[in-house]
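So the protein sequences, as listed, match chains A and B.
Read in the numbering used here, the first sequence has 764 at position 597, and its numbers run on one by one without any break.
Read in the numbering used here, the second sequence has 48 at position 30, and its numbers run on one by one without any break.
Careful: at least some of the hints might be erroneous.
What the hints assert, rightly or not - Which stretches of chain B does chain A cover? Using the computed rule of at least three CB atoms under 8 Å from a CB of chain A, they are:
#1 33-39
#2 59-65
#3 103-109
Unchecked claim - Interface residues of chain A toward chain B, partial, derived using beta-carbon atoms under 8 Å:
#4 207
#5 308
#6 313
Please keep in mind that the hints were generated in silico from the structure rather than gathered at the bench.
All C-beta atoms, glycine included, are put in the ideal place defined by N, C-alpha and C.
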Amino acid sequence: MTLFQISEPGQTPAPHERRYAVGIDLGTTNSLVACVRRSAAETLPDESGRHLLPSVVRYLAKGEPVVGHEAMAVAHEDPLNTIASVKRLMGRGIEDVRRLGKSLPYEFIRGDSAMLRLRTAAGERSPVQISSEILKKLKARAVKSLDVEIADAVITVPAYFDDAQRQATKDAARLAGLNVLRLLNEPTAAAIAYGLDRNPQGVYAIYDLGGGTFDISLLRLNHGVFEVMATAGDSALGGDDMDHAIAGWIMQQASIADDSDHKQMRRLLRDARAAKEALTQDKRVPLNIVHGNGESWQGELSRDQLHTLIDPLIERTISPSRRALRDAGITPRDINGVVMVGGATRIPRVREKVSYFFGREPLADIDPDKVVAIGAALQADILIGNKRDEEMLLLDVIPLSLGLEIMGGMVEKIIPRNTTIPVAKSQDFTTYKDGQTALLIHVLQGERELVSDCRSLARFELRGIPPMTAGAARIRVSFQIDADGLLSVSAREQTTGVESSVVVKPSYGLTDAEIERMLRESTAHAGADDVTRKLREQQVDADRLIEAVRGALNVDGALLNASERAEIESSLTDLQAVRGGNDGARIKRAIKKLDAATQTFAQRRMDENIRKAMAGHRLEEFDVPRDKSPS
Amino acid sequence: MAITMTQAAAERVRKFIEKRGKGEGLRVGVRTSGCSGKAYVIEYADKIESDDHVYESHGAKVIVDSKSLIHLDGTELDYTREGLNEGFKFNNPNVKDACGCGESFNT
Numbered sequence: 168m169t170l171f172q173i174s175e176p177g178q179t180p181a182p183h184e185r186r187y188a189v190g191i192d193l194g195t196t197n198s199l200v201a202c203v204r205r206s207a208a209e210t211l212p213d214e215s216g217r218h219l220l221p222s223v224v225r226y227l228a229k230g231e232p233v234v235g236h237e238a239m240a241v242a243h244e245d246p247l248n249t250i251a252s253v254k255r256l257m258g259r260g261i262e263d264v265r266r267l268g269k270s271l272p273y274e275f276i277r278g279d280s281a282m283l284r285l286r287t288a289a290g291e292r293s294p295v296q297i298s299s300e301i302l303k304k305l306k307a308r309a310v311k312s313l314d315v316e317i318a319d320a321v322i323t324v325p326a327y328f329d330d331a332q333r334q335a336t337k338d339a340a341r342l343a344g345l346n347v348l349r350l351l352n353e354p355t356a357a358a359i360a361y362g363l364d365r366n367p368q369g370v371y372a373i374y375d376l377g378g379g380t381f382d383i384s385l386l387r388l389n390h391g392v393f394e395v396m397a398t399a400g401d402s403a404l405g406g407d408d409m410d411h412a413i414a415g416w417i418m419q420q421a422s423i424a425d426d427s428d429h430k431q432m433r434r435l436l437r438d439a440r441a442a443k444e445a446l447t448q449d450k451r452v453p454l455n456i457v458h459g460n461g462e463s464w465q466g467e468l469s470r471d472q473l474h475t476l477i478d479p480l481i482e483r484t485i486s487p488s489r490r491a492l493r494d495a496g497i498t499p500r501d502i503n504g505v506v507m508v509g510g511a512t513r514i515p516r517v518r519e520k521v522s523y524f525f526g527r528e529p530l531a532d533i534d535p536d537k538v539v540a541i542g543a544a545l546q547a548d549i550l551i552g553n554k555r556d557e558e559m560l561l562l563d564v565i566p567l568s569l570g571l572e573i574m575g576g577m578v579e580k581i582i583p584r585n586t587t588i589p590v591a592k593s594q595d596f597t598t599y600k601d602g603q604t605a606l607l608i609h610v611l612q613g614e615r616e617l618v619s620d621c622r623s624l625a626r627f628e629l630r631g632i633p634p635m636t637a638g639a640a641r642i643r644v645s646f647q648i649d650a651d652g653l654l655s656v657s658a659r660e661q662t663t664g665v666e667s668s669v670v671v672k673p674s675y676g677l678t679d680a681e682i683e684r685m686l687r688e689s690t691a692h693a694g695a696d697d698v699t700r701k702l703r704e705q706q707v708d709a710d711r712l713i714e715a716v717r718g719a720l721n722v723d724g725a726l727l728n729a730s731e732r733a734e735i736e737s738s739l740t741d742l743q744a745v746r747g748g749n750d751g752a753r754i755k756r757a758i759k760k761l762d763a764a765t766q767t768f769a770q771r772r773m774d775e776n777i778r779k780a781m782a783g784h785r786l787e788e789f790d791v792p793r794d795k796s797p798s
Numbered sequence: 019m020a021i022t023m024t025q026a027a028a029e030r031v032r033k034f035i036e037k038r039g040k041g042e043g044l045r046v047g048v049r050t051s052g053c054s055g056k057a058y059v060i061e062y063a064d065k066i067e068s069d070d071h072v073y074e075s076h077g078a079k080v081i082v083d084s085k086s087l088i089h090l091d092g093t094e095l096d097y098t099r100e101g102l103n104e105g106f107k108f109n110n111p112n113v114k115d116a117c118g119c120g121e122s123f124n125t
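For reference, chain A alone in the conformation it holds in the complex:
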């Protein structure tokens, strides 16, 4: 017998025409599925009434993989076959993960393809396959709860996910038998859950402090369109760090040795978490710790002590928040609302610090664990046609600057980071040597000044430049990023129209940790980078001058007498000697000296060239006829 749900007046679906689409929050630590029923979005619980599904998959030698709580419970017994936090591996190449490799307990397989695979008891598995197991489990839960077949879903992804990571998420959904109506950015989903999309416009900060990651996103809403203004965060900061800080304090108080066994540590962490949660309500909480040898220790954790322990961690969320504001070019006063996401935002101290920083009370009525899934479900409901709302569009940003290599191993930024996409920008470049007929275009990503500190995305050559003197060619290099985050770079020599281009995925294979690191390094090294850049510029100038003077001496050396030539040669040798050093000022002085020494030579060469050019012609021939004068 069918069970019926209440509909809004006039919207009872016809038999067999009821369509449900689910919203899925596919998280690093936990995942949820939500659906709009009885005109309200709600997350769907499992048989035991649990809404959160741990994003953990355990592969067995035989049978179906185990997903969720049961997999998590045995994670420490079977670490190689129990995959947690697979989200961090989505869309990653093997090279990217090898750099992270040491911190991950899994066995990665070196294959021919760039596709990453893990060795498990059930065979080789890719992150896409592992994620699809989580999605299958959530889908099955939805099918059971709603008693209808579910085909369509909105799945949320972090705002900083690149094209490869988004594509991998879509692939996982397809494997799980789900049609992705749309990938929705997590902060946007949270904003939708609070109905902020119904406001005419505004700027919103989404503060997402989960178990192991922190993200801050600034969204600008304009006529129903959410634009990501800026994102920042810390991929290794969350509620778990608070538990560790509390556990550390308990160990100190109860004189528990650092080298306690794994079991004792897990108990401590569980106690720490319980104490943290209890302090949401109470001013102080009693602690009763049983040592490994059976003895016990009684103590107490006060709210003030908790604050001392977690304040430094909360403070670490404020500097990315500040950076995001700076990137977006706004101040806390420009913010119309702050949305709290993630379990750790239940801690009153976190709310207090956040409201102090932004100068306003954050929105926190919706369960911060469920808010993203609820927003996704609301969006899914609209997309499937249950509501006749106009569609929401979402603009995105590039997480790191894109540029290209110029002489001296430096990077010229073409598109600065956090530029909203789609975007197209171009800049003119020229040749460096006389008669240069090809130009190597090296596309780079990062915030640093030197090529060696940025990430190489692609290289290609522009050939067929007509031979000209150095600096005469005009080569326009254009960067274009489409709405899907796909970058194409083209170079075109303006006089002949020869062209060459390449298509790249800008942030393929970059982890958010790496993005974060690259950003941190760029600020940390800003001063040093500037000095290096100036030095390199002097070196490039020196090389150019040496090259030019040598060439001139070869061609027109006869114009100089012995002592003039000796003076130039000596300045040239001096410059060559200091060029390789690290003293930019010395190089500059040597350049000036050589420049001065060659003044007369340059003058004579020019006169000589004019004389040669005019030989055999009459002066009138050099008059430009009026009707052909250049416009």
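Please arrange chain B on chain A, whose structure you already have, making use of the hints.
Only chain B this time, still in chain A's reference frame:
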């Protein structure tokens, strides 16, 4: 003539309306459609029309139009849980046969 609600159904109706923020009660009805001829309508009632019949059970109102009442008279509405799914169930004595899924029926 009457339509009744079980305690469980009435409680749910009150709760949903409270959560929704408005509504007079639960409107039920019948319309022609579906594989077996007729299908149930179950919606929030924002206003009560002149030809509506209103019945109250356990503090919640169930509202039905006169035309639908012919097919629904004597129905008891229940709210039950079947596995992970939960929802309203029509115990309608007028039903002669229903389609396999139970979403449409004949009287």
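Results of checking the hints against the structure:
Only residues whose beta carbon comes within less than 8 Å of a beta carbon in chain A count, and the segment 33-39 of chain B has 3; three or more means the coverage holds. For a cut-off of 8 Å, the count of residues in the segment 59-65 of chain B with a CB near a CB of chain A stands at 6, and the three-residue condition holds. With a threshold of 8 Å between beta carbons, the proposed coverage of the segment 103-109 of chain B by chain A holds, since 6 of its residues qualify and at least three are required. Taking 8 Å as the C-beta cut-off, the interface hint given for residue 207/A holds, the closest approach to chain B being about 6 Å.
A distance limit of 8 Å between C-beta atoms decides the matter here; for residue 308/A the minimum to chain B is near 7 Å, and the interface restraint holds. Evaluation of the residue 313/A hint against chain B yields a held restraint, the C-beta minimum of about 7 Å falling below 8 Å.
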